[in-house]
Amino acid sequence: MAMGFTAKFPAAQMIIAALCLCDWAAGAYAATMVGISGTLGDKALISVNGAPARVLATGQQLDGVRVIEVRGDRVTIEVEGQRRTLKVGLGDAFATRRTLPDKTEKTSGREGVVLTADARGHFSTQVEINGVSAPFLVDTGASVVTLPSSLARRANIDLERATPITISTANGRAKAYRVVLNTVKVGSLGAHLVEAVVIDDAKLPFALLGMSFLNRMNMHREGDSLTLLQRY
19 MAMGFTAKFP AAQMIIAALC LCDWAAGAYA ATMVGISGTL GDKALISVNG
69 APARVLATGQ QLDGVRVIEV RGDRVTIEVE GQRRTLKVGL GDAFATRRTL
119 PDKTEKTSGR EGVVLTADAR GHFSTQVEIN GVSAPFLVDT GASVVTLPSS
169 LARRANIDLE RATPITISTA NGRAKAYRVV LNTVKVGSLG AHLVEAVVID
219 DAKLPFALLG MSFLNRMNMH REGDSLTLLQ RY
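Sequence positions in the sequence shown follow my numbering and run 19 to 250.
Simulated from the structure, these hints should not be mistaken for laboratory data.
Among the clues, some could well be false.
Quick list of the computed label-pair ranges, beta carbon to beta carbon [what the hints assert, rightly or not]: (1) P182 x E96: 33 to 41 Å; (2) I86 x A137: 40 to 48 Å; (3) V198 x E96: 32 to 40 Å; (4) T94 x R138: 20 to 28 Å.
Derived pair list, reagent style DSSO-like, types lysine-lysine, alpha-carbon separation capped at 27 Å [said to hold, decoys possible]: (5) K61 x K105; (6) K203 x K61; (7) K221 x K105; (8) K105 x K193; (9) K221 x K203; (10) K221 x K193; (11) K105 x K203.
Here a beta-carbon is modelled for each residue, glycine too, at the ideal position from N, C-alpha and C.
Produce the complete structure using the sequences and hints provided.
Dropping the structure here:
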């Protein structure tokens, strides 16, 4: 399963972290969100807009994202003439030239949830998992919702019947479990049967709201605010 901390590269340097977003002009541009999951030699494992991560060598590009240089755990990329050097486990968002619809039109007839970034530019929110509420970090670099085992137990997730998998993290390889959550809710927004992964608390001290939930939402960044709107 492709994840923001995928085990596809056993020798790669992997880390779990929240995606750090940049600012762009309010309502003027869309964004290309890029996450760096790992490196190996002159190759990098890159996710664009929350899609499954792909291996790109220096000079190659994916969806407008070109790899300029891979040096250790840092990758220099270029998006529409903008160059940035990102560290493994982190990400960024690049303003692109595709204009967004007017905000009023975009939200018309639909309820949304607005999140505010902290001092580091990270977004967090209370999320209800199977009826149990807990704080989560929003991470578009993680392809699935990711839970520490203590939260999974509180949410009555039966790990004995879950599918065991092995992943690589900054602390080494770790045992994890692939599960399906009955319900995931953020304020007025909700989704049923959401794919997730459960990891021991020692490997994952906080929960991540990944793309298996976020893909069902429209996301719009404006300054320090991130608006989530229900798609389906």
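Hint by hint, here is what the structure shows:
no., hint, verdict
1, P182 x E96: 33 to 41 Å, "holds, 39 Å"
2, I86 x A137: 40 to 48 Å, "violated, 29 Å"
3, V198 x E96: 32 to 40 Å, "holds, 38 Å"
4, T94 x R138: 20 to 28 Å, "holds, 22 Å"
5, K61 x K105, "holds, 14 Å"
6, K203 x K61, "violated, 37 Å"
7, K221 x K105, "holds, 19 Å"
8, K105 x K193, "holds, 24 Å"
9, K221 x K203, "holds, 24 Å"
10, K221 x K193, "holds, 9 Å"
11, K105 x K203, "violated, 31 Å"
Going down the numbered hints, you'll see the structure goes against 2, 6 and 11, while the others check out.
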